[in-house]
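Undergrad: Residue numbers (the working numbering), protein chains in the order written: chain B, 1 to 272; chain Y, 273 to 402.
Since the hints were made in silico from the structure, they are not lab data. Hints should not be assumed to be uniformly reliable.
Simulated DEER-style distance windows between Cβ atoms [unchecked claim]:
#, chain 1, residue 1, chain 2, residue 2, range
1, B, V269, Y, I374, 46 to 54 Å
2, B, T142, Y, N332, 45 to 53 Å
3, B, L155, Y, S329, 48 to 56 Å
4, Y, Q322, B, V94, 14 to 22 Å
5, B, T119, Y, Y312, 34 to 42 Å
6, B, I154, Y, V299, 32 to 40 Å
7, Y, D339, B, A102, 22 to 30 Å
8, B, L155, Y, Y312, 44 to 52 Å
9, Y, Y315, B, Q62, 22 to 30 Å
10, B, I154, Y, Q319, 45 to 53 Å
11, Y, V298, B, L33, 26 to 34 Å
Every residue, glycine too, gets a C-beta built ideally from N, C-alpha and C.
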Amino acid sequence: MITLLLISIAVGLLGSLTGLGGASILTPILVLLGIPIKEAVACGMVAIIATSSGSAASFVKQRITNIKLAMYLEMFTIIGAIAGATITIIIAPVFLYFLFAAFLLTSFIKVRSSFKAYTLPEKQDRISKWLGLEGSYYDESTKQVINYRCTNSILGGLGMFVAGLAAGMLGIGAGAFKVIVHEKVLKMPPKVSSATSAFIIGMTALAGVSVYLFSGLLNVTLMAPMAVGVTIGAVVGGRWLNKIRDRNLKILFLVIVTLLIIQMLYKGVTSL
Amino acid sequence: MNSLSLGSGESKLETIISYILIIGVVVSVVFEIIGITLYYSSYGNLQISQDKILFISGQNFFAFIIDQTQHLFGIQNALLFITLGLIILILTPYVRAITSAIYFAWEKHYKYCLITLFVIVVLTLSLALH
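So that you can see chain Y by itself, here it is in the shape it has in the complex:
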């Protein structure tokens, strides 16, 4: 790696982030596919429906996660898998931001640690308040 700013340390961060991204996407797509399949087996069709139950609802993202995991073995497995896929998808960029913040702090890049923390705080507030 060349000298300007990419030290060998940062390439470690890049490797970790690329794995986080790819794992997040693969796992969530698999969950969505399982969800769609279960949906078909329980509803007998794959019509797009405007049924209220099919719209995401709840207080905020974090309460939503807890709520979903409590229904882990409940009846609405199809919707559960789909929403879990959604949660994993949403958490992927979130987790990569947290990983970057930890990494920057570890490497004593305080400027970037603060920038990343700012991003995380804004996202967390937005997820918690809406």
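Just chain B, with the same shape it has in the complex:
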């Protein structure tokens, strides 16, 4: 447990520094240590609630999170997560290795928060308008109040369903994928997108956990040190974020994700 606690702290740290979140790194590591993949997935889901709630709290306080938008998107993501978690319980573990490897690949396509000023979408669809999917926040770096409005609400909802499905199946937050949907489809400004995603991830994970809780996959001796470690790591990581050189971080991230993909593929192939 001590080893797992220390690993979790390191992973939480790394997760928050790279923006990848904890579980997508921790789950393959657990598999490497010989934990069955389904148990690793179930515990990962619990650890995510902790990190998400922890990081979302400060964003909400700074009024960057759009709560209304989050509630709307949560409708889709929780249904995805419940479906995804149910699939995981049923299917053979071998599929999970390959799916996990495939999903790790998507984390390479991380959207770089552009420095371009946010531009309002020209048109807003009728449903977005009816729901009032818009807002404003105070941008600390430019000392300006940024107004924004969102569009493509239905497509965005579908995207969140897919994100929920992946999250529920693999026991991860699927944060990188959510951020892509937020920025590219719904046209949210980058900061609002990350903050709202952190907020939604907690709810997605709760929906997933609701399925795993009594599936006989949740081992408390795994879950407790993971939840504690990842949370501590994430809190410390959040404070360090600005002090570490971006370049070194990216190289580290690249190396780790590549190793994890190879490992998951290896596991998948050998268990065929």
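Take the given structure of chain B and dock chain Y to it, following the hints.
TA: Chain Y alone, transformed into the frame defined by chain B:
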């Protein structure tokens, strides 16, 4: 606060939610740490075990809570603290959804009240049925 949609009322909701989230996480992490410590003192080691007793089991989430609280001063205190930490962790997003629903109803934002209620109903069903 600017005018588009964030009125001063909503910032009250944000303050409440940020406190719910932070308190939930802190309390559950403290419980987990107490649990791990007790586990060490009663088992003498911190090995990850595949013992059946260490897996969460039961009928559904709500029956599980009642069951756990009845064992409050029982022998398996270590596991109790760990599972209580888990329960609090799980309830954190749940409580924030309920708070939001009440708030939206209070402020007469009926559209959002319904959306939030939908989320709560789905979660409750999933917690109660699985």
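Undergrad: If a hint holds in the structure, say so; if it does not, say that too.
TA: These are the hints, each one checked on the structure:
1. V269(B) to I374(Y): 46 to 54 Å: Given a distance of about 52 Å, which is inside 46 to 54 Å, the answer is holds.
2. T142(B) to N332(Y): 45 to 53 Å: Check passed, 49 Å falls within 45 to 53 Å.
3. L155(B) to S329(Y): 48 to 56 Å: Between L155(B) and S329(Y), where Cβ atoms are some 41 Å apart, the hint is violated.
4. Q322(Y) to V94(B): 14 to 22 Å: holds, 21 Å
5. T119(B) to Y312(Y): 34 to 42 Å: violated, 56 Å
6. I154(B) to V299(Y): 32 to 40 Å: holds, 38 Å
7. D339(Y) to A102(B): 22 to 30 Å: violated, 39 Å
8. L155(B) to Y312(Y): 44 to 52 Å: holds, 51 Å
9. Y315(Y) to Q62(B): 22 to 30 Å: Violated, since Y315(Y) and Q62(B) (Cβ atoms, about 43 Å apart) do not stay within the stated range.
10. I154(B) to Q319(Y): 45 to 53 Å: The hint (45 to 53 Å, Cβ to Cβ) holds, given that I154(B) and Q319(Y) are roughly 50 Å apart.
11. V298(Y) to L33(B): 26 to 34 Å: holds, 28 Å
In summary, the structure is inconsistent with hints 3, 5, 7 and 9 from the numbered list given earlier, while agreeing with the others.
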